[in-house]
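Asker: Line by line, the protein sequences give chains W and L.
Sequence positions in the first sequence follow our numbering and run -4 to 537.
Sequence positions in the second sequence follow our numbering and run 484 to 659.
Derived pair list, reagent style SDA-like, types lysine to any residue, alpha-carbon separation capped at 20 Å: (1) W:Lys20 - L:Phe569; (2) W:Lys20 - W:Leu6; (3) W:Lys424 - W:His456; (4) L:Lys628 - W:Phe127; (5) L:Lys612 - L:Lys636; (6) L:Lys636 - W:Leu6; (7) W:Lys432 - W:Gln380; (8) W:Lys176 - W:Phe474; (9) L:Lys636 - W:Pro521; (10) L:Lys612 - W:Tyr14; (11) W:Lys298 - W:Pro521; (12) W:Lys20 - L:Asn571; (13) L:Lys636 - W:Phe127; (14) W:Lys324 - W:Ile492; (15) W:Lys432 - W:Gly412; (16) W:Lys424 - W:Leu500; (17) L:Lys636 - W:Ile520; (18) L:Lys636 - W:Gln2; (19) L:Lys636 - W:Tyr14; (20) W:Lys20 - L:Tyr574; (21) W:Lys20 - L:Asp514; (22) L:Lys628 - W:Ile147; (23) L:Lys636 - W:Asn285; (24) W:Lys20 - W:Phe364; (25) W:Lys20 - W:Pro362; (26) L:Lys607 - W:Glu50; (27) W:Lys20 - L:Ile568; (28) W:Lys20 - L:Phe573; (29) L:Lys612 - W:Glu50; (30) L:Lys628 - W:Ala166.
Estimated spans, in silico, between C-beta atoms of each pair: (31) L:Arg651 - W:Asp21: 25 to 31 Å; (32) L:Arg561 - W:Leu30: 21 to 27 Å; (33) W:Gly218 - L:Lys607: 30 to 36 Å; (34) W:Gly331 - L:His654: 53 to 59 Å.
Facing chain W, according to a computed beta carbon distance under 7 Å, are these residues of chain L, among others: (35) Arg510; (36) Ser511; (37) Asn515; (38) Gln592; (39) Phe646; (40) Gln650.
These are calculated hints, taken from the structure and not from any lab test.
Computed from a predicted model, the values in this text were never measured in an experiment.
Every residue, glycine too, gets a C-beta built ideally from N, C-alpha and C.
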Amino acid sequence: MLPPEEQEEMLQLCWDYQYGTLSQKDAARLERLVLQQESVRDFFVQYSSMCANLEWEGVVDPGPLGRTTDYEPLPSGELNSLPHHLPELTEYTPRRTTLFAVLAFSLVFVAAVSLLYFQPWREQSPGFLARFSQMQNAVWAEGTRSWNAEDIIEFGDQIHLTSGIVELETASGARVILKGKSRLLLVNTDQFQLDEGNLFANVPPQAQGLSVETPTSRIVDLGTRFGLIVSPAQETEVHVLKGIVEFHLLNSKRETTITKKLFEKDAVRVQPDSSEITKIETTPEYFVQNLNIETPVLVAHWKLTEPEKALVAQDHSGNQLNLRVIEEKGQSPFTGRSAPQNTATAAGPFASQRHKLYRRLSGEETPLFNMQRFTIELWARNPHQEQQEDSDTLFHYRNIEQHSTSQFNLFSDDHSGQLGFGFLNTKGKYISHRTSKSISWQKDRWYHIVFTYDSNTPAAHDSIVTCSRTPEFASAPDFQQTLTQIEDITPLVPDGILAIGGSTLSDIPRHWGGDIADVRFINGIPDRHRLFRTNPQQEKNH
Amino acid sequence: MTVVSDRTTEFIMLFSRHSQRIYRFIRSLVDNRTDAEEVYQNTCTVLWSKFEHFETGSNFWAWSCQIVRYEVLNYRRRQNLERNIFSNEFYNRVAERAMVTVDELDRQQAALSVCYELLPERQKEVLEKIYEPDASPHSVARTLKRSTNAIYKTLHRAHDLLFSCIQRQLHSGDYL
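This is chain W alone, in the form it adopts within the complex (with noise of 0.2 Å):
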C-alpha cells in the first residue's frame, strides 16, 4: 500500500481520470507517478479495475448492483455482451439453433423489459426545467432576481445578470452558460429566449432539439457545442463549435423566412431588420465553455500581524513562503497599525520603497503559483495618491534578470484611485488594465480587495478578470467589475521577486504609501463561502 499521502493524491488523481476532470498538469503528474513506481502503477490498475467492476452490472446487465463472482456457462447476462454481429452459418445444427434461440430470446427479453420499465421513467416529468449550477461573481440588475446556485428556474423566469459567469443545467442535461451583461428567458422546457448577452450551450445527444430566440433569429441544436451574443443593439452572432445548428432568420411576425444548417466551425451574424446572414469567423474564444468548480488552494497568506520593527512576515499557508524587508537600507513596515475587523495588528505604513515585503521565489516556489486561475485577497487603506507618479502597488513580482518591467503587478492607480493589473502575455509582452471608474478611498477606512483571473480555455485571448473592493463594515462591494477577453498571463519566472507594499522597480516611486493586512494568494477561484483545502500542515499552521 501505499503512505497516506501519496494514497490520497492518487485517489484524487485517478477519480479525476474515471470521470473525465484530470488537468494536462494533473494528467502529466499521473503519469510521472505512474511510470515512475511499480506500486502505484499498480495503485492506478486496482483503481481502474474496481470501476469496471463497478459499471460491469450496467455493462452485461441492467438490474441492482449484484455481482457476481463465479462463472457459470451461459447466464444470461454474459449472453447480451456477446457480439452484436456473428458470421452467418451455411448451416444450422440444432444445438446451434438452440444458442441462438436463447439469445434471440434474450435480446426479446431485454428489449421488452426495457420498453415496459425505461421508457416510462423517461417520459415522467423531470422536478425542475432548468437550475443554476455554478456561478462565478455574478451580479444580478437592480431590481431584479438575485439568483443563487441551485436555484430552480421555472417558466417564464428572466435572468438579468450584470457580470460575472452563471451556468445553468435544463433538466435534460444541456448546460447553458452566461457571460458577462445578458439578458435571458426561460420559455419552455429547453428553450430560452436570449435579449441581450453571451451565452454558450453544450448539449448531450439527449438534448438535442435545444432551443434559443434571439430578436433576429431562433437557433435548434441538432446535438452540438455552439455560442451565442446578442448585442445590445440586437445583432445576433451564432458560433458553432462542434456539431450542427438549424439556423432560422425571423421576421417581424416571428415567422421562419431563411432555414440554414451551420455545421462545426460556421458562424453568421444578422443585423436587426435585415434578411441578410453575413458569413463570419467562428470565434470560440468569446465564450466561456467550461466553468469547472475546483477547490481552491491557499498558496500563500501573509497575515501580516508580526510584532513591531520584524524584519520577517510569517507565511501561514504552510509552504513557507515567508516575506522580508530589504536586506540593506531596509526598514520594518510593522509598527503596530491598527488591523482590519478588530484583528490583529497589520502592516504599515509602506512609506517607500525601502520598506515593501519581499520574497525570491525558488524554482520548487514559483510552480505553486497557478497563474492560470487564482484569487489575490487582502485588505489596504490610505494609498500612496498625493505622490501623483503612477501607481500605488499591493502585490508585485518581477525577475529582475530576465524582465525590464513586472512580471505581475496589482496596484491602484496614483490618479484615478482605479484597481489596476499588468502582466507579461505568453510572448513576454506588458499588457496592463485598470478598471473603468475612478475609485474614492476614504482616509484610514480599509478595504477587503478581491482580485481573480481565471484563463478560461487554453485560447490566448479569453481570460476573465474580476476586481472587486468591499469596505470594513460594509456587506456588499462598493465597486465590483468584470473584465473579459484578457490575454494569457505566463507562468511566473523562477528566481524573481514576490513584493508585497512595493515594486523592484525604482524609476518612479511605486510603494503603497499606506496600510496592508492579511494577503492571501490562492490557487483557483473561491466560491461565496471561502472554502480552502489545506494539507494537515496548514491546519495546524492555522
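Following the hints, position chain L against chain W.
Answerer: Chain L alone, transformed into the frame defined by chain W:
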C-alpha cells in the same frame, strides 16, 4: 458442422469466463465508461471473428489482451489529440501491469462485494442509480432530487471509501 458448433461453444465458454476481465482491462486503458463500452463491443466482435485463429488449449486471456490493446490503439487514434493525455509508454506500462495482475484483480472483485455492503445507504443508493444503463450524474440528481454537484461529491466519497476498504480487505489476507 460439428467442429464449427464445438468452436462456438468453446468460444462462449471462454468468453464467459473472461468477459469481465476483458472489460476491466479495457477500462484501465480508456478513461470513460461510454468509450470503454464501445471498445468492449468492438473487441467482442473482433474476438469472435478471429476466433478461428485461436489455438484450442492456449491462453485465451493473453490472446484477448493482444486484441484489446490493438482495439484501444485504434480507439485512441480515432480520438482527437486533446483526449490523448498520456504517452504511449504510459499505456504500455499500465497494460503490462493489468495483464499480469489479473488474479489479484479477480480477488479485488470479490472484496468489492464485501466493501459495497459496508457503505452508508445513501452512498449505495447513488451507486446503484449511477451504474444503471444510460445513467448520468444529471439523471441521478433528477431522480434523487439532489444537485449534480452533490451526486458527484457522494460518488467521489463512495469511491474513496470502497477503494480503501478493498485494499484493507486484500491486505488482511482473506482473499489471498
